[in-house]
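Trainee: All chains should be built: construct the whole structure from the sequences, respecting the hints.
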Amino acid sequence: VVATADPKRATERMLNLLALLTNSLRPLTFDEIMIRMGAQYPEGHEARRTSFERDKKVLRELGVPFTMKTLGGADAGKTAYSIDKSGYGLVDFGLTPEEMSALQEAAALVQTGTSWGKQAVLWLGGDIVSADSPTVSRVKVDGEALPDLWQAIASSHPVSFTYHGKTRVVNPYGLVSRNGFWYLVGKDSVRESQIVFRVDRIQSAVSIETKKSFERPADFDITTAFARDPKDFAASTERAVVRVDAGVAPTVRRELGDDAVIVEHDDGSVDVSVPCGNLVAFRTWLFAMVDRAEVIGPDEVRGQVIAWLRDMSEVN
Amino acid sequence: MARRGPRSAAERLRGLLVMLPWLMQRTEVRISDMAQQFDVSEADLVDDLELASMCGVPPYTPFDLADLWVDNEFIYVGPNKQFEQRLRLRAPEAFTLSVLASAANDIPGFSQGEHLQSALHKLQRVLGENIVDVETESPEHLDVVTNAADTGEVLRIVYWTPSRNEESVRNIVVRSVFSDKGNWYVSADDSASGERRHFRVDRIRSVTPTAEFSTVIHEPVDIPQWFSGDGTSEIVTAHVASHAAWIVESYPCRNIVENRDGSFTVEIAVSSEHWLSRMALRAGDGITITAPEKFAGVAQRAARQVLSRYEGDNSAS
Numbered sequence: 007v008v009a010t011a012d013p014k015r016a017t018e019r020m021l022n023l024l025a026l027l028t029n030s031l032r033p034l035t036f037d038e039i040m041i042r043m044g045a046q047y048p049e050g051h052e053a054r055r056t057s058f059e060r061d062k063k064v065l066r067e068l069g070v071p072f073t074m075k076t077l078g079g080a081d082a083g084k085t086a087y088s089i090d091k092s093g094y095g096l097v098d099f100g101l102t103p104e105e106m107s108a109l110q111e112a113a114a115l116v117q118t119g120t121s122w123g124k125q126a127v128l129w130l131g132g133d134i135v136s137a138d139s140p141t142v143s144r145v146k147v148d149g150e151a152l153p154d155l156w157q158a159i160a161s162s163h164p165v166s167f168t169y170h171g172k173t174r175v176v177n178p179y180g181l182v183s184r185n186g187f188w189y190l191v192g193k194d195s196v197r198e199s200q201i202v203f204r205v206d207r208i209q210s211a212v213s214i215e216t217k218k219s220f221e222r223p224a225d226f227d228i229t230t231a232f233a234r235d236p237k238d239f240a241a242s243t244e245r246a247v248v249r250v251d252a253g254v255a256p257t258v259r260r261e262l263g264d265d266a267v268i269v270e271h272d273d274g275s276v277d278v279s280v281p282c283g284n285l286v287a288f289r290t291w292l293f294a295m296v297d298r299a300e301v302i303g304p305d306e307v308r309g310q311v312i313a314w315l316r317d318m319s320e321v322n
Numbered sequence: 545m546a547r548r549g550p551r552s553a554a555e556r557l558r559g560l561l562v563m564l565p566w567l568m569q570r571t572e573v574r575i576s577d578m579a580q581q582f583d584v585s586e587a588d589l590v591d592d593l594e595l596a597s598m599c600g601v602p603p604y605t606p607f608d609l610a611d612l613w614v615d616n617e618f619i620y621v622g623p624n625k626q627f628e629q630r631l632r633l634r635a636p637e638a639f640t641l642s643v644l645a646s647a648a649n650d651i652p653g654f655s656q657g658e659h660l661q662s663a664l665h666k667l668q669r670v671l672g673e674n675i676v677d678v679e680t681e682s683p684e685h686l687d688v689v690t691n692a693a694d695t696g697e698v699l700r701i702v703y704w705t706p707s708r709n710e711e712s713v714r715n716i717v718v719r720s721v722f723s724d725k726g727n728w729y730v731s732a733d734d735s736a737s738g739e740r741r742h743f744r745v746d747r748i749r750s751v752t753p754t755a756e757f758s759t760v761i762h763e764p765v766d767i768p769q770w771f772s773g774d775g776t777s778e779i780v781t782a783h784v785a786s787h788a789a790w791i792v793e794s795y796p797c798r799n800i801v802e803n804r805d806g807s808f809t810v811e812i813a814v815s816s817e818h819w820l821s822r823m824a825l826r827a828g829d830g831i832t833i834t835a836p837e838k839f840a841g842v843a844q845r846a847a848r849q850v851l852s853r854y855e856g857d858n859s860a861s
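Chains as they are written, first to last, in the working numbering: chain S, 7 to 322; chain H, 545 to 861.
In case anyone wonders, no lab produced these hints; they're calculated from the structure. Note that the structure is a prediction, hence the values are computed from the model and not measured. Treat each hint with caution, since some may be false.
[Stated by the list, open to error] Here are the simulated DSSO-like cross-link-like pairs (lysine-lysine), alpha carbons at most 30 Å apart as the crow flies:
| # | chain 1 | residue 1 | chain 2 | residue 2 |
| --- | --- | --- | --- | --- |
| 1 | H | Lys-666 | S | Lys-217 |
| 2 | S | Lys-172 | S | Lys-218 |
| 3 | S | Lys-218 | S | Lys-62 |
| 4 | S | Lys-63 | S | Lys-14 |
| 5 | S | Lys-193 | H | Lys-725 |
| 6 | H | Lys-725 | S | Lys-84 |
| 7 | H | Lys-625 | S | Lys-146 |
| 8 | H | Lys-666 | S | Lys-91 |
| 9 | H | Lys-666 | S | Lys-14 |
Mentor: What follows is the structure in structure tokens.
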């Protein structure tokens with residue numbers, strides 16, 4: 007085995023380095039490693055050190071728990087290297103065949119646009135299976151920002167990135183996929199409030215501030231953290247009655263629930279009771295239906311809607 | 545399809561450190577099967593595994609090397625303590641596992657939800673909790689169309705087309721059901737057009753099973769690329785006030801410029817004037833269309849249209 011820049015030989019050398027340190031009963035110094043691995047590393051101390059440091063870096067980046075310790079006694083001051091087997095993040099999760107089968111099926115039925123899901127299944131020791139169901143789902147997860155944000159959330163580190171041309175520092179709490187877009191929910195350090203960022207609008211690499219950490223609020227719930235418009239006005243006690251045409255009635259009924267329906271008309275239209283305390287949210291919801299919905303009452307809310315429409319229709 | 549081209553040492557090493565523990569669980573695997581699993585060519589796979597078979601510990605006698613050999617069409621492997629440890633999941637794989645779990649549970653007919661949940665519970669120390677949420681709608685007729693895709697039963701549907709605000713009655717044979725961008729669709733043979741068409745499930749107003757059956761065709765589900773730059777959208781330039789910033793996040797804006805006062809100048813891909821009208825109404829004074837000229841008055845026109853309902857003879861007040 008001879009030292010070379012050939013990728014194949016470098017792969018072989020790193021596998022041998024991994025085997026040597028895994029098998030060794032004690033940490034080995036640089037000199038001991040060089041003696042044992044001989045001509046696999048190049049001639050000359052500097053070249054050997056450079057090559058060794060590169061191997062160490064690659065192994066660490068791959069997740070190999072390559073550790074160092076400073077020796078005492080006769081070898082005082084020397085650095086020794088070992089593989090900390092307890093440092094492997096993934097040893098054995100004890101997945102049953104049924105649990106592995108469920109993960110395999112999920113990877114087959116959900117199309118993410120990357121091979122990451124399938125690699126995860128192989129990583130866990132499972133098989134890649136074909137989707138034999140005619141029902142599948144697509145949730146795109148492409149781009150480097152998402153895994154970086156996930157990493158920061160999982161490890162409770164703040165992140166910084168450029169958004170709308172400005173640098174933002176955020177305590178990231180969670181990721182939501184809605185209508186084909188990914189959103190980051192987190193606390194913005196400048197606004198000191200919980201806000202939402204669309205991930206594909208992040209204009210820079212996501213930088214994880216690993217030396218800082220934060221605590222996510224105990225009551226944070228990712229499933230409700232990014233409210234839809236109806237939820238914005240759901241807590242209001244003031245209500246309006248809105249007549250909704252037959253064409254959109256089923257959608258509104260699903261959105262608000264059957265309890266919101268006050269009257270069902272013969273032509274398929276329905277009158278629904280809708281919270282309207284937050285007028286901006288109410289307006290956003292109402293005008294999504296354009297002229298297929300009309301506020302019936304109370305008079306002041308109907309009057310407000312008419313006033314909005316008159317203002318808009320008169321603007322040049 | 546296996547990828548070709550030169551591979552770096554890190555890439556080859558990473559592949560081997562995933563493959564070796566995987567192999568050790570199986571002890572004997574057909575080369576073609578393993579190449580397919582790992583999406584590598586058989587030649588690259590054999591090359592990598594033969595390389596691994598020459599690795600071990602000094603003095604590198606046959607007894608010190610990996611217990612691994614390739615013979616005819618099979619790969620055989622024995623216990624190799626130095627290569628049996630699995631690496632930790634990297635962020636892309638761990639994140640995607642969370643996504644798969646959240647999305648798969650919303651797939652109708654996914655029968656292994658209970659096992660998936662218990663698997664996730666065991667993986668929790670890697671994946672964390674309450675971090676990822678994939679929202680998918682559950683429209684009213686989803687179960688019926690999903691069942692029809694399995695049985696081949698012809699369905700009579702009333703379908704609403706929003707761009708024309710029309711309902712049509714047609715018979716469909718559901719070939720596949722898929723979700724994309726949070727909505728559910730069916731790909732179906734459509735009696736009205738005589739073609740394979742896509743229908744959004746939440747726009748199906750009613751479904752009637754006909755008790756007629758068509759032969760079920762097993763084919764890969766082909767989810768279309770909806771907006772693949774077909775050039776049918778018009779680009780509108782707009783000024784968005786700071787209090788209407790939700791428009792920038794919710795609509796297909798591009799070339800976004802945040803102004804000093806917190807407002808935005810954006811370009812928006814617009815599929816129709818009706819679509820733009822609706823957005824402008826919702827935004828109220830939060831948006832001003834600046835170009836092209838023909839869309840400058842879209843909000844006023846939409847407002848007059850809605851106002852006519854309130855002020856016309858049909859007023860419900």
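Trainee: None of the hints should be skipped; say for each whether it holds.
Mentor: Going down the list of hints, with the structure as the test:
Between H:Lys-666 and S:Lys-217 the alpha-carbon distance is near 29 Å, which keeps this suggested pair within the 30 Å criterion. Restraint check: the Cα-Cα separation between S:Lys-172 and S:Lys-218 comes to about 21 Å, which is no more than 30 Å; the hinted pair holds. At roughly 26 Å between alpha-carbon atoms, S:Lys-218 and S:Lys-62 fall within 30 Å of each other, so this suggested pair holds. For the proposed pair S:Lys-63 and S:Lys-14, the alpha carbon gap of about 17 Å is at most 30 Å, so the pair holds.
Only pairs whose Cα atoms come within 30 Å are accepted, and S:Lys-193 paired with H:Lys-725 is accepted, the gap being roughly 26 Å. Restraint check for H:Lys-725 and S:Lys-84: not satisfied, since their Cα atoms lie roughly 57 Å apart, outside the 30 Å limit. About 38 Å separates the Cα atoms of H:Lys-625 and S:Lys-146, which puts this hinted pair outside 30 Å; it is violated. Annotation: proposed proximity of H:Lys-666 to S:Lys-91 holds, straight-line Cα distance about 20 Å (limit 30 Å).
Of the supplied pair hints, the one linking H:Lys-666 and S:Lys-14 is violated, its CA atoms being roughly 37 Å apart against a limit of 30 Å.
In this structure, the earlier hints numbered 6, 7, 9 are contradicted, and the remaining ones agree with it.
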